[in-house]
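K.L.:
Residues per chain are reported as follows:
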Amino acid sequence: MIPLSGDIPNSKGEIKEANEMTSISRGTSTLKRGFAHMLKNGVVMDVTTVEQALIAEEAGAVSVMVLDKLPSDVRKAGGVARTASIRIIQEIMDNVTIPVMAKCRIGHVYEANVLAETNVDMIDESEVLTPADEYHHIWKWDYTTPFVNGARSLGEALRRVEEGAAMIRTKGEPGTGNVAEAITHIKKVNDELRAIKSIYDSGDKQDLVKMARELKVSYSLVEETAKIGRLPVVNFAAGGIATPADAAYLMSLGCDGIFVGSGIFKAEDAKERARAVVLATTFWEEPDKVKEAQKMIDERQSILGLDVKDLELKMQERGGSA
Amino acid sequence: MTLNIGVLAIQGDVTENFLSVMASLNELGIDAAVSQVKTAEQISKLDGLIIPGGESTMIGQMSLVNGALKTIKEKIESGMPVFGICAGMILLSKNSKDRVVGDVEQPLLDLLDVKIERNSFGRQKDSFEAEISIEPIGISSFNGVFIRAPSVSEVGKDVQILAKFEEKIVSVKQGNIIATAFHPELTRDISLHKSFVQMVKDSKP
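Quick mapping for you: the protein sequence lines, in order, are chains A and B.
If you want the numbering used here, it's the position in the first sequence, counting the first as 1, plus 1055.
If you want the numbering used here, it's the position in the second sequence, counting the first as 1, plus 11.
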């Protein structure tokens, strides 16, 4: 079982309420990480309007992520990308039954506060938006609302978990329609997990301490991760996913689920494609079902895509060294 | 013949339920096979099924697509014990409504004679842990983990209420169907899973 605990004691995000009858806790690690567990094997879709959110829900998305612009448009527009309009987030929350997430800028504590106050179900501290703090991510233990963070490597992932992230996703390269970076990132994380697991199994504590220093995280978190041989929180794939086959491939690499950004609503056949990506994610182990899903889309209507080598802006590098 | 218990593996926290069943079998000393099931064929061979937590709309739609939903319904109607958790409870019900959005089109198994209020306790920030009592099946204290949980707003005459939290019904039983709004698989307490496994065993001659 993926550990659901890992609290830091008396964190601000954990709230206890008691009356003479009952006592209840909110914002515990079990509740925050548990929320992410309910999304497993599902697809979270980026949306910018109520109409898109309803299409996503009908297609079988497990959650929607509200943005002001889809990542590929963020890339085109340039300038500073910020959190979405609260009015639109609220409107979407009022119209769909599935959980609603929204993005805040890396390190932007008050955008996160605003989203928490709006009552979104999860906050994505995201490199798609322009980072507000080059040196610090948000200290996520302060929030009752769970967070998801992007990562390109095991060190980055564990640093985010140590800050209180309840869920991790690969960074990929957002808004490109190019899945290559997401594949690279999940393979790198898997390789690094295998490496620390084998050190743990060999019983060489000194080497594990050395790994903790290299990964720039606490020894206890490295030890816990090495012991279970996977990230201690739910881990999704994200960044550049455009087709059912993209989604199925990432599931086969051990991802717990999929985020699709521009891939769906930047395609000409959004409705069909949304459904097809969900089908391929659900039935990724069955080649005929993935083929059926792939058949539902028309490649001529896919997002054109960008070669990562030609990019001036690499969103994945944002917040990476912190 | 060995018992065959399955966890519906379309979406949600499947692994946790799988492990909770394994631990239950171990403690009870019952010999049974546990599997994660997706297809109608796999489901047709089961003696007991857990429908786990996740997104009920998604699990319903996808199990409709591959024909699993129909087989699940037939199996339960023919007496197979089933344990529905959160989304699973919603799927088993005859009627479901969202607290904010109201009526929603979603595939339901239409077996458990209750009305469900989805997202009954609010959004994720309102999710909570609290001690509850499931006295009718001999569990006096249980840590209820409620994540965007539904509740039961009305029950039919054949439905037994197993647990309430602050006046809201959060666990029910109707013949071979047992359902909870909270997530026992996210705790280390396997007493509810044990009681379900026992129910499966007792259903077999």
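It cannot be assumed that every hint is accurate.
Claimed, not checked - 35 Å max Cα-Cα, derived DSBU-like pairs, lysine-lysine:
#1 A:Lys1326 to A:Lys1242
#2 A:Lys1344 to B:Lys56
#3 A:Lys1326 to B:Lys168
#4 B:Lys184 to B:Lys212
#5 A:Lys1344 to B:Lys105
#6 B:Lys175 to A:Lys1344
#7 B:Lys84 to B:Lys175
No wet-lab data here; the hints were simulated from the structure.
K.L.:
Work down the list of hints and note, for each, if the structure agrees.
P.N.:
Verification of the hints:
1. A:Lys1326 to A:Lys1242: Distance of about 30 Å is within 35 Å: holds.
2. A:Lys1344 to B:Lys56: holds, 22 Å
3. A:Lys1326 to B:Lys168: Answer violated: lysine 1326 of chain A to lysine 168 of chain B is near 42 Å, above 35 Å.
4. B:Lys184 to B:Lys212: holds, 17 Å
5. A:Lys1344 to B:Lys105: holds, 30 Å
6. B:Lys175 to A:Lys1344: Roughly 42 Å separates the two Cα atoms, so the pair is violated.
7. B:Lys84 to B:Lys175: holds, 27 Å
Going down the numbered hints, you'll see the structure goes against 3 and 6, while the others check out.
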